Amino acid sequence: NAGVTQTPKFQVLKTGQSMTLQCAQDMNHEYMSWYRQDPGMGLRLIHYSVGAGITDQGEVPNGYNVSRSTTEDFPLRLLSAAPSQTSVYFCASSYTSNRDSAIFGAGTRLSVL
Amino acid sequence: AQSVAQPEDQVNVAEGNPLTVKCTYSVSGNPYLFWYVQYPNRGLQFLLKYITGDNLVKGSYGFEAEFNKSQTSFHLKKPSALVSDSALYFCAVRDKGAHRGSTLGRLYFGRGTQLTVWP
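For the record, the sequence lines run as chains U and S. So that you can map any letter, position 17 of the first sequence is 17 in the numbering used here, and since no number is skipped, the others follow by simple counting. So that you can map any letter, position 100 of the second sequence is 100 in the numbering used here, and since no number is skipped, the others follow by simple counting.
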């Protein structure tokens, strides 16, 4: 199915563990981004990419790394998980045009104990 | 700086009544405006957008939104609410004039408004 695919859907980590949240899209979108959603905070931008090989920081980048080796994939890495990173993570993609609406994945619910 | 405000955390309305979910924005240039809906345990779904032209924009599921430049608002409306409209609604803005490598493509979201429609 066309769209944005996120894996895993759920994950529980212990403090200090590392993991990678996967995001893939098959729409040839240039622009991809990661958000975290916390109650009462809306969606906050973590990192984004305007094309393969290009990434940049959003509002809340600390503790996260990204890379964009292909147009399709935009993984988010947690280097050393902390309880403050307990959240729901969404990946989104769009054409690199401000007119286009973004397509969101179904989300990854992460708990850090 | 770009920002979006949704002044109401919750909106409650009876089924069959009209509903309004409020949104105001601030951008350095001209805005592109979006509404998204999120059902429980789901990702965000696009509802509608304002790019240019007619200030009244029609979208999915009978929703519409009115762009008001003087009041910098983009309120979401529906003439007759359904119980199935109950969800979390997000307003978002992009800067029309953003250039590549800067804020191009970046969406700024409000905090969301929880809409509950009572039967």
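One or more hints might be untrue.
To be verified - Pulled a few chain S residues facing chain U out of the computed Cβ check, cut under 8 angstroms: (1) Phe34; (2) Lys49; (3) Lys77; (4) Pro79; (5) Leu82.
To be verified - Here are the simulated SDA-like cross-link-like pairs (lysine to any residue), alpha carbons at most 25 angstroms apart as the crow flies: (6) S:Lys69 / S:Ala14; (7) S:Lys69 / U:Gly42; (8) S:Lys22 / U:Met41.
Unchecked claim - Not the full set, but computed from the structure, chain S residues with beta-carbon under 8 angstroms of chain U: (9) Tyr50; (10) Ile51; (11) Lys69; (12) Leu107.
These are calculated hints, taken from the structure and not from any lab test. All values derive from a computational prediction rather than experimental measurement. Don't be surprised by glycine CBs; every beta carbon is placed ideally from N, CA and C.
Status of the hints after comparison with the structure:
1. Phe34: holds, 6 angstroms
2. Lys49: Constraint on lysine 49 of chain S satisfied, holds at 6 angstroms.
3. Lys77: Hint on lysine 77 of chain S: violated, closest Cβ of chain U at ~19 angstroms, above 8 angstroms.
4. Pro79: violated, 23 angstroms
5. Leu82: Where the cut-off is 8 angstroms and the nearest Cβ of chain U is about 23 angstroms from leucine 82 of chain S, the hint is violated.
6. S:Lys69 / S:Ala14: violated, 30 angstroms
7. S:Lys69 / U:Gly42: Between lysine 69 of chain S and glycine 42 of chain U the Cα gap is close to 24 angstroms, so the pair holds against 25 angstroms.
8. S:Lys22 / U:Met41: OK: lysine 22 of chain S and methionine 41 of chain U at ~17 angstroms, within 25 angstroms.
9. Tyr50: Violated - the Cβ of tyrosine 50 of chain S stays beyond 8 angstroms from chain U, reaching only about 10 angstroms at its closest.
10. Ile51: At 5 angstroms from the nearest chain U Cβ, isoleucine 51 of chain S passes the 8 angstroms test, so the hint holds.
11. Lys69: violated, 17 angstroms
12. Leu107: holds, 6 angstroms
The structure fails hints 3, 4, 5, 6, 9, 11 (numbered hints given earlier, in ascending order).
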